[in-house]
Amino acid sequence: MSATRDQGDDGIARFRTRLLAAMMVLVSAAAVSMLILTQRNVATSVRRDFQRDFESQLASLQAVQEVRHAVIAERCRQLARKPRIHAALEDGALDLLYPSARDELVDATNSDEGAFREPGAYALRARYYRFLDGKGRVIAPPNAKDVGDLGAADESRLSTGQLPDRPQIGYIRRDLGGDGHMVDELIAMPIVSSESGEPIAAIVLGFKPPALGGSAASGVSGGIWLDGHLDFPTLADEARSDLETRLAPAIAESDGDHGHFEFSSGKDSFLVFFKRLNPLSPYPPAFEVSVLSLAESLAQQHRLAWEFASVGALVLGFAFLASHILSRRLSMPVERLAVDSKEHREHWHRAEAALESTSQELQRSARFSADASHQLKTPVTVLRAGLEELLAGENLRPEAREEVSALVHQTFRLASVVEDLLLLSRMDAGRLQIQLSSINLTPLFEALMDDVGAMPDLFDLDIDADVPPALWVKGEKGYVSLILQNLLENARKYNLTKGKIRIAAIEDEGWAVISIGNTGPAIPKASQEHIFERFHRGAVGENVPGHGIGLNLARELARLHGGDLRLSKSDDSWTEFELRLLLAPAPAPKKGAT
Amino acid sequence: MIALHPAAVFAEASVEGRVTLPKPAHPPVMNQRYGIISHEGVLSPYPPLAVVYLEGTFATTPPQKPAQMVQRELNFFPNILPIVVGTKVEFPNQDDVYHNIFSYSPAKRFDLGRYRSDERPIPSEVFDVAGMVTLRCDIHEHMRAIILVLDTPHYVLTDPEGVFTLKGLPPGKYVLKAWVDSRTTLEKPVELTDGPALHVDFP
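Sequence lines, in order, name chains A and B.
When the letters of the first sequence are read in order and numbered with the working numbering, they come out as residues 1 to 594.
When the letters of the second sequence are read in order and numbered with the working numbering, they come out as residues 1001 to 1203.
Hints in this document: simulated from the structure, not taken from any laboratory.
Take the hints with a grain of salt, since some may be wrong.
[Stated by the list, open to error] What follows is a set of in silico ranges between Cβ atoms, one per label pair, in the way DEER data are often shown: (1) A:V67 x B:R1120: 43 to 51 Å; (2) B:D1096 x A:K145: 35 to 43 Å; (3) B:T1060 x A:E198: 35 to 43 Å.
[Said to hold, decoys possible] To give an idea of the chain A side of the interface with chain B (calculated C-beta under 10 Å), a few residues: (4) L96; (5) S100; (6) S194.
Here a beta-carbon is modelled for each residue, glycine too, at the ideal position from N, C-alpha and C.
Please build the complete structure, drawing on both the sequences and the hints.
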């Protein structure tokens, strides 16, 4: 019992664990997927914000650049409009070109003398300048010192070919000997003839390029990609050369104007934007390369991931707790149910086991009865036939003949017992089917009385019958007759010498109540409840012939008819049985027939 | 010198005619006061005028009185000034602002520097090489004038219709020229005699 109990507890625990696990899985899945979704969204938006920040920074930087270019261009335009320069070009005085320009450009060139030290002003100072003639070739200056030193090869790179009709921006990379080099930003401003309206010359100024990129704090830095070289002072050499090799194909694949890509060198990741600095320029294409270190973004994402992880852990913890509580609460009625059902099951099992054994016993006894009857019926018949043949023989002594006759009589008893047993076993096997019809008891009684009267009267009995002229009951005539016969037989057997038998029948609320009483010794109290059991014989009747199935058979048959048979009285002088059968309406047409 | 040219002393011939002046391609866009406009690299007076002069070997005597090229209302007056070689030209500034008259023309390079109207003596230059001199102001880039330095004393400005008359010419064979703009000088050989005026139309 305790093992079962433990097993049951185990089952409930298992159920609770399973419920908890299922809830945990659900809650965890929901929480985790929500967290992952949120994390992804946040990460994307962080990334997007980051990129947007970068782009807006770049845009503002580029706006600054554009302003700078516009300022420089305006300055150059003013220079190009100077009457002396025009006069030198238009009035055939090329020898006066550079000297005139020197005076005009004195504050625009990068000389130490008289330069006012204003921040940013330096950026608007030219490193050098040259004029281009009508075919875009450099007009050699009389004295290179006055116009900024420039090697002959570099000088030739200032020429634009055909003269531009609008300001052009270009970049050149100058070797300074050894590994050193310098990038110059060029502005080529056409000088338009006031006479012809056509560009007749151009002035090219070389500036120090602006410091590209933003401050170190913003994480943005900049450089210039030119002629397959990347000038990027703030980038480490290795990363710079890595980026250099990445840029050429990226630029080739782009629309030739701008683009961006992600790039990593060593442990560092960067977001790289490149934009052509001099679109539509006759000078070689140069690209501004802006690099944003993703370290901060990655760190932010990392931080975010940790935050999400801890939040997730917290949520899962709460979910676990909540699931635990909830699963306990949810499983409680189930547990109760489980306990109840366990008890029910135990009861049921017990009942079933009992039923099983009973049924087995019943079946065994029924089988036994049936077998016994069948096995006995035939030999009894054979035996009787043999004895009667013997009796019919001529050469039998009178003593022997009497004995054989007694034996024949015994075979009749034997046959009746077998008959009863057969009937009982059929009843037990549920194979006895009775055809209920209305039968009149009174003729049955009369017939029985006749039979009893015909029997040898051992006790000189006085039989008194108080039966109504017609008493209709539901039943099969043969079996009802058998019941009454058994009862009457009983009353006769267990009687006293000169005793009495009394038969009475009345109608009582739908029942026909038939009582059959006899004088005789009382049935002991202890035996009273067993007298209807099979093969039980009263202790008093050891010398009384019988086989102990008469009452049992009678009761079974009575019950099969919907009625009952009981012992209504048994004291020192009188024992009485009461048989109840269902009343039946008298069948008017058949009245005479039964 | 005079003996070499008796005709100049004793006889006077004259020539008259009309120079067909070019229609200006477009009037000055910005300022009606512009005296010299440039179109496709050509400087020309506006409204159109021509200078007709007789080319030959003449004795030239610069006038005693200097010629004047006035700056007024940010413009030169006159816009075209024919002078004989050796003439002194004064450049009075009649504006309230500085002017800086200069020329890079091969015939005469000079730079008067910045000066105001009260500058005394009035800045001046002597033009002793024949040729066209483009005047500019270093401060006012639009200002432009032309001084035509001629090797001959016989020259005249046409009226706005291009009609001219040259008088007091010595008889003989010459080339009559008409300067129309910086790139165009028309010429016709003429033989001048005493008597009625010779009629020459350009072109």
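Cross-check of the supplied hints:
1. As the Cβ distance of V67 of chain A to R1120 of chain B is approximately 47 Å, the hint placing it in 43 to 51 Å holds.
2. Distance hint check: the CB atoms of D1096 of chain B and K145 of chain A are about 40 Å apart, consistent with the given range 35 to 43 Å.
3. Taking 35 to 43 Å as the suggested C-beta distance range, the pair T1060 of chain B and E198 of chain A conforms, at roughly 38 Å.
4. About 6 Å separates the beta-carbon of L96 of chain A from the nearest beta-carbon of chain B, less than 10 Å, and the hint is met.
5. Interface restraint check for S100 of chain A: the shortest CB-CB distance to chain B comes to about 8 Å, inside 10 Å, so the restraint holds.
6. At its closest, the beta carbon of S194 of chain A sits 6 Å from a beta carbon of chain B; the interface hint therefore holds under the 10 Å criterion.
The earlier numbered hints are all upheld by this structure, with none contradicted.
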